[in-house]
Structures are given as structure tokens and as C-alpha cells.
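J.: Sequences listed follow chains Z and F, in order. With the working numbering applied, the first sequence has no gaps in its numbers, which climb one by one up to 442 at the end. With the working numbering applied, the second sequence has no gaps in its numbers, which climb one by one up to 242 at the end.
No lab work stands behind these hints: they were computed from the structure. Glycine is no exception: its CB is placed at the ideal position from the N, C-alpha and C atoms. Among the hints, erroneous ones may be present.
Said to hold, decoys possible - Selected chain F positions facing chain Z (Cβ under 10 Å, derived; list incomplete):
1) Asp34
2) Gly36
3) Asp44
4) His47
5) Arg48
6) Phe49
7) Arg183
8) Thr184
9) Leu190
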Amino acid sequence: MRVELSGFGGWPRHRTELVPAPPPARIPAALVPGTVARGNGRAYGDAAIGTVRTLWTGPLDFVEAFDAQSGRITVRAGLLLSDLIAAFLPRGFFPPVVPGTRQVSLGGMVAADVHGKNHHRAGSFGDHVEELELALPEGTLLRCSPTRNPEWFSATVGGMGLTGVIVRITLRLMRVETGWLSVRAAATPDLAATMQALVAAERAFEYAVAWLDGSARGPRRGAGIVLAGDHLPLAELPGDLRAVPFPPARGGRITMPPLPVPPVNRLSLSVLNRLYRTVQLRRLERVEDWDRWFFPLDALSGWNRAYGPGGFVQYQFAVPEGPARGVLGAVLERIARRGLRSSLAVLKRFGREGRGLLSFPLRGWTLALDFPRTRDLPALLAELDRIVLEAGGRIYLAKDARLPAATFARMEEGRLGRFLDFRERHGLARVFRSHLSDRLGL
Amino acid sequence: MRSLLLIGGTSDIGTAIARRFAREGRPVVLAARDVGEAEAAAADLRHRFGVPARAVALDVRDLEAGLELVHGLEPCPEIAVAAVGWLPEQAAVREDPEGVRRVVEVNFTAPALLLAALGRRMAEEGVRGHLVALGSVAGDRGRASNWWYGAAKAGLHAAMEGLRQELLDAGVRVLTVRPGFVRTKMTAHLALPPFLTSTPEDIARLVHRAVTKGRSGPLYPFPWRLVSLLVRLLPASLARRI
Ligand SMILES: Cc1cc2nc3c(=O)[nH]c(=O)nc-3n(C[C@H](O)[C@H](O)[C@H](O)COP(=O)(O)OP(=O)(O)OC[C@H]3O[C@@H](n4cnc5c(N)ncnc54)[C@H](O)[C@@H]3O)c2cc1C
Ligand SMILES: NC(=O)c1ccc[n+]([C@@H]2O[C@H](COP(=O)([O-])OP(=O)(O)OC[C@H]3O[C@@H](n4cnc5c(N)ncnc54)[C@H](OP(=O)(O)O)[C@@H]3O)[C@@H](O)[C@H]2O)c1
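Please build the complete structure, drawing on both the sequences and the hints.
T.: Right under this line is the structure:
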């Protein structure tokens, strides 16, 4: 069926033929030139929109094997993270890495090599994948792992769907004694303090992330809240929670109706920032359930529509440790100088490079910024691109909708050639094409 | 707990229904012609929900094989769901004997016959069970675009209504789901209006609630009861193009 699709940011929109995936063995026959896989459409931009055909993996959602001894699990790639957690958390297992929403497919997690709040300890999702199975055009299913067809494995992890359709994933879940976390929140007065507190939190905690206050100005720029957490062992669970060691996901989600006028504006942003701050700082040490801790945004479904029909853009970059402090300062300063506001700003330190040829993480820092799509935005982002490029940084493709090909090529100079060469050599470049890959010359 | 039998074990709606019941610990038997995929679906139910689940091969057009399966299942299932269906291009089957045979058998003869056999077993063995047939709003009134399919579904509705009356005293409930538009592989090529389109999970919740409450009769998702009423009441002079 021909439809108009967008990513989570609501922009850009492209027409494509949307086809639900048949069982794995029949997928190769469904691959026409210009196909890309789509998991749950949570990439922000145009990564999961095929130039001709978009193969929706939703129907590929079987759990195929599970070993309760080792936590080893084999699933089909369309399985949603939320369904995986719902089925296995009650048995004491949790995915080793999760992004900020549970509404993603496992295939999408591999293809973007996603990172979580524990990157400094656990690395990215691809670091926990033991084996992948890919559907390829010539009617074949190909297995790859770090030791078997390793070049296929490293091109596919973080490869944004451009090396084949991932149909099966084997990974190891980790054991947890409860679905609760002990959480600590600390307010920080400026950027230097935020960065310092984050580094300190990483040493002591499994999970650590900082939220930057979008309304902080002048010397307070970069002020925010550092949040740190650890899985809570059963023995430390407060008495009143003993009865529910594995709480279910929050029910009764509030749905944001599509509104003609975006309710997100300057005023509501500063109110929201203040509100968030107040809530986070009400109790500095607390016990939080997994859903609130990992997926705070999932409570309000369709919140991306709050930006109105024009959609929004998320800008996430990573820069190496060395220049990070200067870059982050300069970025916040540019945003302020242009009089723009980011509605959401999340800062995190990365531990190491990912396994994939094009994995996003690098040893350094990453900042994710949400912007309503306004007239002045392109110029600001072009400025930020330059800063990131000069610092030897890169942009997260899962969030990107607008990076120019030339800038991308310079940012990825050291890695791009190998990826393009791999695509060419195996006849993948003709078949697997998304609007993102066409736009970036990937 | 007695099992749920799903006839059409690879159906998207059927799979969602099976999951909804497996979640509460109910064993599942999946009958499908693609037994490999059905076995993968059964493994999924075992791993996810820790319930016994297995697949058996069945092409429902082989009516004798279907009856043999139904009679051989031990113990007798408590819930039987027939989710087989085939929605052909109307023009392609219009006067094609084999196509007509197939559309009637898959949508009407086979589900009616197999559910009838199961209903009798339930009655005889004192199982106060549930028969669930996937009908269609297309069977509520003929339409130019799909009248062979609609006619077969109308036949199924009539059979289920008769069965409901026949099995009333035995305590066997009979539901005929008329799901309206559902986003599945059957309708993947169609443009469906978002407001009137459900997910397989929506239908599964609906069926689960109706079975749990012991309901019988036609079952519609919320807006479709009204749509169906209007469609049926519309005078023929106005019903030229629905
Ligand atoms: C609220 C929110 C918070 C987020 N937080 C984080 C975060 O903290 N960390 C992080 O790393 N990311 C984060 N993300 C991004 C998200 O994790 C990634 O975009 C992820 O890829 C989305 O998965 P999906 O199934 O929706 O994939 P889609 O958006 O459907 O696809 C994303 C890419 O994966 C490819 N793909 C999908 N399935 C397959 C497959 N089976 N085979 C081959 N390629 C495939 C697509 O072609 C596309 O290139 C967040 C997104 C949102 C909306
Ligand atoms: N989707 C809708 O909008 C909609 C609306 C109204 C009613 N319905 C009805 O709901 C039911 C389920 O449909 P669905 O949407 O879930 O579509 P589906 O996924 O295509 O399910 C149809 C199932 O019927 C099976 N089948 C067809 N012929 C068969 C045969 N000879 N032997 C065995 N199995 C056979 C198919 O098996 P294979 O996988 O082997 O082909 C498939 O599993 C159907 O009765 C359909 O008519 C659907």
C-alpha cells in the first residue's frame, strides 16, 4: 500500500510502499531495489523510509528461544522492547542496554546500535549481540557474529538497515533481582559542575545521565540535574514494595491529541523546565520503578505531536573527551545567542567506540537537543555542525533528518569509505536505500 | 486449564487472540497449513508465557482431515477460534469455479463444520466452552466489491447463529466477531480509514472480554456496531455504492 511516512519527529514526510514483512524465509523475495526495513518508526528523521519500498518488521515478533540459565535469547527482529521486558522482567531478566523509549524494535536497536544511560559501563546494544541473521536479496539468509562473517556483523551493527534486513537476533539478557532502582538526583549550578557531577556519578552508579535546564541563562547555562541509578537488590527493597518486586509498565497512558497550534512554545517551555526541575528535586534519593527510570517519556503517548504539524528536530552529536568542555559551552552559547530554545537537552558521557563500522558512540560526550522546527533553526544547526565537525565529532543518524551530505562526509571521513565499499562490493547499495542514505550519500 | 484451539494458526488476528489467552496461562493448539510458522508461533507462546503450546498441520479445505483433528484432540479444548479466511480480488474469482469453491470453503464451510463438530464435543463432554468465529461486516450486506467473500461470511454468520441456539442448553457460547477493518496481512494492500481501523490486539481484547463474560452472538468493535446497523438499514435504492 502506498502511504506517506515520517519518523518520530514528524518531518520529513515521504511517499513509499509500505509492506508488512512475510516470514523470514520469504523476505528475500520481497526486496526490490530501493527497500529498507522499518521497525517501530522511532528514528526521528528519514532513516526508516525506503525510497521505493518500506518493509515493516512488526509481524516478525516471535521469541524463538530462551535459556533461563544463561539469559541467552533469540528473537525475531520486529519484537518490541516493551514486549520483551513485559515477558522477561517478571522472570528476573532485563535487556543489558535500553534507549529512552521502550517503543522500539530489537532490529531498530541493532541497526542504530543504541546506547542507554549505562553506556559508560555496558557499551552500546551491539556489544551484547551474539549473532544476527540477515535476509539478503539473492534469496539467502546469512548469519553473522563477531567471529562468523565478522565484516557483515560490524557493517550491520549501527548500519541503519543498509546491509540487509535483520530477521533474527541472539543476545544475552542480564539478571536483575527486582524491577526497581535506587535513584539519586543532584542539582548542578553550571556546565562545569554538571560535567563534573556526571563523571563522579558514573564511577559510583550503573546508570548516569544529566538533564540540562533549557531556561538557564548567562553563567547558569548548562545548569541541570544529574540523575544516577542502580538496580535495587531484593534485600534492599523497602518493605512496602516487597509485594511487587517486578512492577508492570505504567498503565493508562495519556494520549496527546493532534492540535492545530503547537502547545510547545517559549512560555510553556520555561514552565515545563521549572516543573521538571521541581519534580526531580522533590526527593533527592528515592526508589523508582524501571519504567519511570528508563522510559520517562513513554507515559505521554504522542507527545511528539505537541510540536504541531510542522514537527520537530532532534540534534544529537558526540564529541571526543578532549574538546568536549569547549564544544558543549560553545553549543549552548550559540543556541542562546540566536534566541532559540531547546525543549529537551540530555547530556551523557560515552564509554567507548561501538563495534559497528558506523556506530555512533565514541569515547567522549553526547548531547541531544530537541528543537521545534522554526525558520531560524537551519542556520543554527549549520553552525552547530561546524563546531562538531571541527572537534572531530559526529551526528547520530537515528535522530538526523537534515544533515548535508558534504558535512556528513567530512565528519565520517575515516569510516565512511569502508562502509560504502562494503555496500558496493556486496551489491547492497542498489537494493537497500532509505531517504537517509540517499540524502547522505551513504 | 483446558486449551484454546486456533484454526488458522498463522492468522494475525488469531495470533493476537491466542496471546491474550496464553498470557493468563491457557495452553494453546495452533492448526495451520504452514506448520513451520505455526511451530515458531507456538514456541513464542511457550517462551513468552510459559504455557504449553503446539502446532498441528491442517489445510482446512481438507474437511475430513479437519474433522479428524477435531475429534482427536485430547482433552477437548474449552475455546475454539476459527480465524481462517481468504479475501480474494472479487473480479478474479467472480466466475471462476475453483476460486469460488475456495472462497466458500475457507470462509464458510470449513470454519462452520469444524466449530460445529467442536461444539458437539463440548456439549457431549460437559465442557461449557466457547466457539469463536471470525465473520465480517462484509457479510452483513452484499457489496459490489467483494460479494463472494461477503456471501461466504454471511453463510458463516447464519451457521453460527443456528449453532448458538442449538448449543444454548449445553452452556456452549457462540460468538461471531465482525471486526470491521483490521490492519493485518489480509488488508496490507488496502488503504483503510484510521478511525475505523483496529489492530489485531484491539480485536483480541474485545474477544477476551466477551469470552470472559460468557457472551454469545455477534461482536463488533465500538464504531462498527453502528456502521453495520446503518449498512443493513440503508434502502436498496441508496445502497448502490457502499
Ligand atoms: C523518545 C525517544 C527516545 C530515544 N532515546 C534513545 C536513546 O536514549 N539512545 C539511543 O541510542 N536512541 C534513542 N532513541 C532512538 C531509537 O532508539 C532509535 O531510533 C531506534 O533505531 C528506533 O527503533 P525502531 O524499531 O523504531 O526503528 P526505526 O525507526 O523503524 O528504524 C531505525 C533504523 O533501523 C533500521 N532497522 C529497523 N529494523 C531493522 C531490521 N529488522 N533490519 C535492518 N534494519 C532495521 C531502519 O532501516 C532505520 O535505519 C530514542 C528515540 C525516541 C523516539
Ligand atoms: N483484517 C481484516 O480487516 C478483517 C476484517 C473482517 C474479517 N476478517 C476475518 O478475520 C479472520 C482473520 O484474518 P486476518 O486479518 O488475521 O488475516 P490473515 O492473517 O491473512 O489470516 C487468515 C488466515 O487464514 C489462513 N488460511 C487461508 N486459507 C487456509 C487454508 N486453506 N487452510 C488453512 N488456513 C488457511 C491463512 O493461512 P496462511 O498463512 O497459510 O495463508 C491465515 O492464517 C479471517 O476470517 C478474516 O476474513 C479480517
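J.: Compare the structure with the hints numbered earlier in the document and write down the numbers of the violated ones, lowest to highest.
T.: none
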